[in-house]
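*Asks:* Protein chains in written order, with this note's numbering: chain R, 264 to 478; chain X, 1121 to 1406.
You may find that some hints are simply not true.
[Stated by the list, open to error] Here are the computed lysine to any residue pairs in the SDA-like style, where the Cα-Cα straight-line distance is at most 25 Å:
| hint | chain 1 | residue 1 | chain 2 | residue 2 |
| --- | --- | --- | --- | --- |
| 1 | X | K1291 | X | R1211 |
| 2 | R | K472 | X | L1274 |
| 3 | R | K472 | X | H1215 |
| 4 | R | K472 | R | T373 |
| 5 | R | K472 | X | K1291 |
| 6 | R | K472 | X | V1223 |
| 7 | X | K1291 | X | H1215 |
| 8 | R | K472 | X | E1227 |
| 9 | R | K472 | X | A1271 |
For the record, the hints were derived by calculation from the structure and aren't laboratory data.
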Amino acid sequence: MNVLLENLDLYGSAFLETIRLFVIAAIGSLVLGTLLAAMRVSPVPVLRWFGAAYVNIFRNTPATLVLFFFAFAYPRLEILDLSFFSRAATALILYTAAFVCEVVRSGINTVPVGQAEASRALGFTFSLTLSQIILPQAIRSVVPPLSSVEIALLKNTTIASGFSVFQAGGIYQTLNEQGYSTFIGLLWVALGFLILVTPLVLLQRRLEKRWSVAR
Amino acid sequence: MTAVLFDVPGPRARARYRLAAVAGGLIVVAVLAFVLIRFAQSGLFTAEQWDWITYERIQLTLLYGLLATLRAFAVGAVLALTFGALFATARLSDHAWIRNPAVAIVEFFRAVPLLILMFLLYFGMGISAFWAVVLGLMLYNGSVLAEIFRAGILSVPRGQSEAAYGLGMRKTQVMTAVLLPQALTAMLPTVISQLVVLLKDTALGFIIQYEELLFVGRQLGSQLQLDAPIIPVAIVIAIIYIAMCMLLSLLATRAERWSRSRGRTSAQVAHADVTDVEAGAGQAKV
Chain R
264 MNVLLENLDL
274 YGSAFLETIR
284 LFVIAAIGSL
294 VLGTLLAAMR
304 VSPVPVLRWF
314 GAAYVNIFRN
324 TPATLVLFFF
334 AFAYPRLEIL
344 DLSFFSRAAT
354 ALILYTAAFV
364 CEVVRSGINT
374 VPVGQAEASR
384 ALGFTFSLTL
394 SQIILPQAIR
404 SVVPPLSSVE
414 IALLKNTTIA
424 SGFSVFQAGG
434 IYQTLNEQGY
444 STFIGLLWVA
454 LGFLILVTPL
464 VLLQRRLEKR
474 WSVAR
Chain X
1121 MTAVLFDVPG
1131 PRARARYRLA
1141 AVAGGLIVVA
1151 VLAFVLIRFA
1161 QSGLFTAEQW
1171 DWITYERIQL
1181 TLLYGLLATL
1191 RAFAVGAVLA
1201 LTFGALFATA
1211 RLSDHAWIRN
1221 PAVAIVEFFR
1231 AVPLLILMFL
1241 LYFGMGISAF
1251 WAVVLGLMLY
1261 NGSVLAEIFR
1271 AGILSVPRGQ
1281 SEAAYGLGMR
1291 KTQVMTAVLL
1301 PQALTAMLPT
1311 VISQLVVLLK
1321 DTALGFIIQY
1331 EELLFVGRQL
1341 GSQLQLDAPI
1351 IPVAIVIAII
1361 YIAMCMLLSL
1371 LATRAERWSR
1381 SRGRTSAQVA
1391 HADVTDVEAG
1401 AGQAKV
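Can you make the complete structure from the sequences, with help from the hints?
*Replies:* Pasting the structure below:
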C-alpha cells in the first residue's frame, strides 16, 4: 500500500498519460478504420486493393514492431519532427485501424441484403447507401467486437513505455530508482488497468443491449 | 453483401468510378512516392545500407534471433494450450470451489496488459527473460484460449449432451466422446488465429531484453560500422513476421474450410465476431 500512497502523483500522472494516449488513438483508429472499411467495399478496385493490402500488412505485424519503426526508423526519414508521444499515437492508430476495419467490414456483412437493395431501388448512390443505411446498422451490430478492439488498444498503450513514452507501463523504472519494490509497484499498475478496463466492459455490455438492432 | 452495395455501373457511373480510381490511385501513389523519396534521401537505397545482408555472421545473428522468437512461440503455445484446456475444464466444473477461482484467474489475466505481466515476472520476480516471455504468453493467451475452448463446448447444442446423458453416459464420457470432438472441430480456426496473436506477442520480449528477432534487429540497426541500417533491418524483420503470421493465418483458413466441409460438428461458431476480430486484435472479449 505504501508504494501506492507515497507515489500517488506519479501513478496519477502516468495513468493520465495512458488515458490521453488511449483516447487519441481510439478516436483516430475508429475514423481511419471506418474509412478503410468503406474503401474495402467500394466499387473502385484500386481502393479495394489498397484497403486489403493495408489490413494484411498491419494485422500480421506485431504492434511492437510498428512502434519500433516509429521510435527508431521514423526520425531518420526527417519528415516531421514529432514527439515520442505523437509517434506512439500514430503507430497505435495505424495498427488498430486495421482491426477496426475488419470488424466494421464484418458488420457490413451482417446487414441484410434487402436493406442495400431497397436503398438502391430508392436511387441512393454508393456513398449514400453506405453512410445512411448500411454503416449505422453495421456499427451498432459490431459494438461488442469493436469495444474489444479498443480495449486491446488500451492494453497496447503499455508498449509505448518501452519506447520512452512515460505512462502507466513505465512507472516501475521510476520506483526502482527510488528503491521501492518493483513487484508491488507493478501490481498496482495491473490493478489500475483492471479499474480502467472494467468500466469499458460494462459500457460495452450496456451498449450491446441498448443498440442491438431488432431483427 | 459488398456486391449489392452498388448497381452494375452504367456508362456515367463507369466514368465516375474511373475518375475515383485515378484520383484514389494518385493519392496512394503520391503517399508511397513521398515515403520512398524520404527513404531514398535517408540513404536507404545506397549499397552501404544493405551491405550487412551479405555478411554471413549477420545472417547467422538474425537467424539466432528468429530461432529465439520461434522457441518462445513453441514453448509458449504448448503451455498456453495446456493452461487453456485446464482452465476451460475448471470453469465448466460443477463444483463452485473449482469454478470461481478459475473464473477470477482467467478474468484477471485477460484484463492486465501482457507487457505488465512480463514486467511483473521479469523485474518483479527476477525470472529470466525467456521464461518471463513464455510464462506471460502462457498466462495471457492461455486465459483467452480457455474462453475459446469454453465457448466451443457451450456452442454444441444442448440436445447433444442431453441425448448422451439419456444413453446413460457419465459426465466425463459426455465430455470426451460427444462434446470435445465437436467443439474442437468448430474451434480449430479460432485457436490457430489466437496462435497468430501469440506469435506476434513474442515481440514484446524485445522490451524486456529477451534476445529475439526485434532485439537483434535493434542491435544491428545501431551499428555504426554497418552505417546504422535501422530502416533496412526493420523492413527485413517486418517481412519475416508478416510471412510467418500469414502462413499461420492460411492454416486457420484451411482449418475453417476443413471443419465446414467435414460437416460433422453441430457446434455453431460466430465466425464474424470471433475469428475476424480476435485473429489479431490480440485480445478476446474481456
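*Asks:* Hint by hint, say whether it matches the structure.
*Replies:* The hints, checked one at a time:
1. K1291/X to R1211/X: With a Cα-Cα distance of about 15 Å, the restraint between K1291/X and R1211/X holds, given a limit of 25 Å.
2. K472/R to L1274/X: The given pair, whose Cα atoms are some 21 Å apart, holds under the 25 Å limit.
3. K472/R to H1215/X: Violated, at about 31 Å.
4. K472/R to T373/R: holds, 17 Å
5. K472/R to K1291/X: Violated, at about 34 Å.
6. K472/R to V1223/X: holds, 23 Å
7. K1291/X to H1215/X: holds, 13 Å
8. K472/R to E1227/X: holds, 22 Å
9. K472/R to A1271/X: holds, 20 Å
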